[in-house]
Amino acid sequence: DLIQFYFLWELMLIPSTALIVFWGGGERPQATGFKYFVVTHVGAALILISILWILTITGQSGIYTLQGVLSALPKSTLTVMASLFTIGFAVKMAIFPAHIWLPDAHSEAPLPVSVMLSAIMMNMGIYGMIRFLFTLFPSEVSTSLLLPLMIFALISQWYGGLQALNHTEMKRVAAYSTVSQMGYVLIGIASMSGLGLKGSIFHMLNHGTAKALLFMSIGAVIHSTGATHLGQVGGLARKMPWTTLCCSVAAFALAGAPPLGAFQSEWIIFAGGFSTPYTALAIAAVCASVLTAFYVLRLVMKIFFGREYNQCGNINEVREAPLTMLAPMLTLSLVSLAVGIYPNYFHRWIEVALKSFGLF
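Heads up, the sequence shown is in my numbering, so the first residue is 4 and it goes up one at a time.
There could be a bad hint or two in this list.
[Stated by the list, open to error] Computed spacing ranges between beta-carbons, pair by pair:
#	residue 1	residue 2	range
1	Phe308	His226	30 to 36 Å
2	Val72	Trp270	36 to 42 Å
3	Pro113	Phe308	41 to 47 Å
4	Leu55	Ala75	15 to 21 Å
5	Asn169	Pro141	20 to 26 Å
6	Tyr67	Pro280	26 to 32 Å
7	Arg322	Val83	35 to 41 Å
It is worth saying that the hints were derived from the structure and are not from the lab. Even for Gly, the Cβ is constructed at its ideal location relative to N, Cα and C.
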């Protein structure tokens, strides 16, 4: 139901704003929280406009009831409605240029909130876009958005990757990585194919796992050393071997290295991209994966390898993260590995979900 969906969507945005404002650890959590609130509510307002437009014309709010009703409306009207939904959900996914709230939110938010923002909140935008774009509107309307979605996905991939390579604050590197990774997901959605959508949904799981693990690893480094920027600390592999292992797993997963889960989801997405008429854009998306490998390996190498030093404290006093921090990190590392080794279980679940939408 559209009304229930929007009510619960707003209910999700308000607590996340409060977590940034009241528990943020940076210098200006109130300003960052306000920015997050305003930008995400602009996206929510676009969704609301489209919902109210549909209610005004049809008097219906049930998604499955509307499938037959909306097909009778002019294609131009449906395209505008679908575009409003798509832009609204793209804001939550932090797709360029609607990503502006994400880097500051990660910098100011405490680590558990950063984990939630990247691993969970992003997925809500993905779910909403797939749910509405492919089940509410006729296929010819969704297909008309293929090219602009591919273009913005590609820009997000490259822009996020270049910014991650340019920044030195650890949490900002991870934040811009999320912008880039959401570009991968949008490539799969933009392909308008069952294969691409399967890859996007699979990448929701793999990116959520890897990004949560990356933020936890960064949190462990900050907890043990006090350093927040690359260049403030180095050579931690001997002193923090388990954190090094977990951070490396997260990095290789985001880079799409086998046998980790994201390897399969990324290449399924690319296969969906090559099923479109825009082969050149799909090739550019594949090339962006090289950029991903550069920035995640740069992060790992600068923190854990090379000369041992800590500009924020005594390097000899650095200790491995406590078990309470390592336990969830090791669990997520095993999950990422298990998903990559036994992907068929997850493929079947995703295919069942897509078949219920009539998309596979």
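A quick look at each hint next to the structure:
Range check, Phe308 to His226: about 20 Å between beta-carbon atoms, so the 30 to 36 Å window is missed. The hinted range of 36 to 42 Å is satisfied by Val72 and Trp270, whose Cβ atoms lie roughly 38 Å apart. The given range of 41 to 47 Å is broken by Pro113 and Phe308, whose C-beta atoms sit roughly 28 Å from each other. A hinted range of 15 to 21 Å for the beta carbons of Leu55 and Ala75 is consistent with their spacing of about 19 Å.
For Asn169 and Pro141, the hinted distance range of 20 to 26 Å is not satisfied, since their beta carbons lie about 42 Å from each other. Separation of Tyr67 from Pro280 is about 31 Å and conforms to the stated range, judged on CB atoms against 26 to 32 Å. A beta carbon spacing of about 58 Å between Arg322 and Val83 contradicts the range 35 to 41 Å that was offered as a hint.
Violation of the numbered hints given earlier is confined to hints 1, 3, 5 and 7; the remaining hints are satisfied by the structure.
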